[in-house]
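There are 2 protein chains.
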Amino acid sequence: MRYPTGIKKGQCTSINHINRGMGLEYDINQTNEYYRCHGIAVIHKKPTPITIVRVDYPSRREAVIKEAYFSTPSTTDYNGIYKGRYIDFEAKETKKEYFPLNNIHDHQVEHLKNIIKLDGIGFIIVSFTKLNKVYLLEAYKLIDFINNEKRKSIPLSYFEQEGYVVKVNYHPRLDYLKIIDDIYFKGEKL
Amino acid sequence: MRYPTGIKKGQCTSINHINRGMGLEYDINQTNEYYRCHGIAVIHKKPTPITIVRVDYPSRREAVIKEAYFSTPSTTDYNGIYKGRYIDFEAKETKKEYFPLNNIHDHQVEHLKNIIKLDGIGFIIVSFTKLNKVYLLEAYKLIDFINNEKRKSIPLSYFEQEGYVVKVNYHPRLDYLKIIDDIYFKGEKL
Numbered sequence: 074m075r076y077p078t079g080i081k082k083g084q085c086t087s088i089n090h091i092n093r094g095m096g097l098e099y100d101i102n103q104t105n106e107y108y109r110c111h112g113i114a115v116i117h118k119k120p121t122p123i124t125i126v127r128v129d130y131p132s133r134r135e136a137v138i139k140e141a142y143f144s145t146p147s148t149t150d151y152n153g154i155y156k157g158r159y160i161d162f163e164a165k166e167t168k169k170e171y172f173p174l175n176n177i178h179d180h181q182v183e184h185l186k187n188i189i190k191l192d193g194i195g196f197i198i199v200s201f202t203k204l205n206k207v208y209l210l211e212a213y214k215l216i217d218f219i220n221n222e223k224r225k226s227i228p229l230s231y232f233e234q235e236g237y238v239v240k241v242n243y244h245p246r247l248d249y250l251k252i253i254d255d256i257y258f259k260g261e262k263l
Numbered sequence: 074m075r076y077p078t079g080i081k082k083g084q085c086t087s088i089n090h091i092n093r094g095m096g097l098e099y100d101i102n103q104t105n106e107y108y109r110c111h112g113i114a115v116i117h118k119k120p121t122p123i124t125i126v127r128v129d130y131p132s133r134r135e136a137v138i139k140e141a142y143f144s145t146p147s148t149t150d151y152n153g154i155y156k157g158r159y160i161d162f163e164a165k166e167t168k169k170e171y172f173p174l175n176n177i178h179d180h181q182v183e184h185l186k187n188i189i190k191l192d193g194i195g196f197i198i199v200s201f202t203k204l205n206k207v208y209l210l211e212a213y214k215l216i217d218f219i220n221n222e223k224r225k226s227i228p229l230s231y232f233e234q235e236g237y238v239v240k241v242n243y244h245p246r247l248d249y250l251k252i253i254d255d256i257y258f259k260g261e262k263l
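Respectively, the protein sequence lines represent chains U and Y. With my numbering as the guide, the letters of the first sequence map in order to residues 74 to 263. With my numbering as the guide, the letters of the second sequence map in order to residues 74 to 263.
Hints may contain errors.
The list treats identical chains as one, so a pair stands whether inside a single copy or across any two.
List of simulated lysine-lysine pairs, BS3-like, C-alpha gap at most 25 Å [what the hints assert, rightly or not]:
#	residue 1	residue 2
1	Lys169	Lys139
2	Lys156	Lys259
3	Lys206	Lys118
4	Lys139	Lys156
5	Lys225	Lys156
6	Lys156	Lys251
7	Lys240	Lys168
8	Lys168	Lys214
9	Lys118	Lys156
10	Lys165	Lys190
11	Lys119	Lys165
Think of the hints as simulated: they come from the structure by calculation, not from any bench. Keep in mind that this is a model prediction, so the values were computed, not measured.
If we strip away everything but chain U, and leave its shape as in the complex, we get (with noise of 0.2 Å):
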């Protein structure tokens, strides 16, 4: 492999813990800026899709965006690297004791498919905000019960029986790449 000269480690903003507490999106945006000031991987949540209308330049240096709508994602909000391999996933809360399939695009489901077969790594991680547990399940297991199941919503039992809890810390808060570890790279040397 080559390295270009001139990395350096770590390099990173301290981490902000003031909004500490403020959902799963903010718990995996600061796992994910841990992972990414310790070296261990580059995920991001990618912007939210919108369609711009209007923009206004009320001075030459300053863009006002004036109109504008949200789009539907044609893709999952993260994505990056981890140990060289493709890493995708959409992470969402629901305060219900089951998960509405309603939460998930088709056009997401059909994005997970793609990716795993290319041989990425793809999942959704999902916070039962009433129960305070969060868990992580495979695309390939979401995909499973979308075609085999005619109901609406994955029942928390699916969860439990095919997914993984994710455990919640103090830092990084939601270590969700452990769970990864010991699926993908069992046995492999860190």
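Please arrange chain Y on chain U, whose structure you already have, making use of the hints.
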């Protein structure tokens, strides 16, 4: 490898050629759609990052963004998966006969460094519109240049010597993965 059941290859909408010739971003997006449709690779352009300040809700179902600003990207624009490997790149057009380095943010260079460290495939694609030439330059060569030269732009000769010409074809428009094949997968059975 475990494949989920029910995967269909090549689920695509037909590619729209009406806007052909709208520039590099358009050509790359069309190329990526070709790759995706043919089950070759899944590579997407990330949405433009914006900071939303005000959203109106004229009706229960509709949300209109009324004030937002463009924010500085912390990653490159394109990433995805090809042959199991993580792909990451930035694409830029220039009318000049050199490539001004202020076209790429420091954060993006830092991001590419991190990608290489983790064994991802990183590069930039630069279109010299007046010369009608498109080059692919590996990220480590971009970083080498930045580390070793004081110039604020990369001369065309550097692309000629260190980069690869991306040929413009009918379909796909810019087959940049052919170059990635030659560099990274030479000798592998395709």
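Which numbered hints turn out to be false for this structure? 1, 4 and 5
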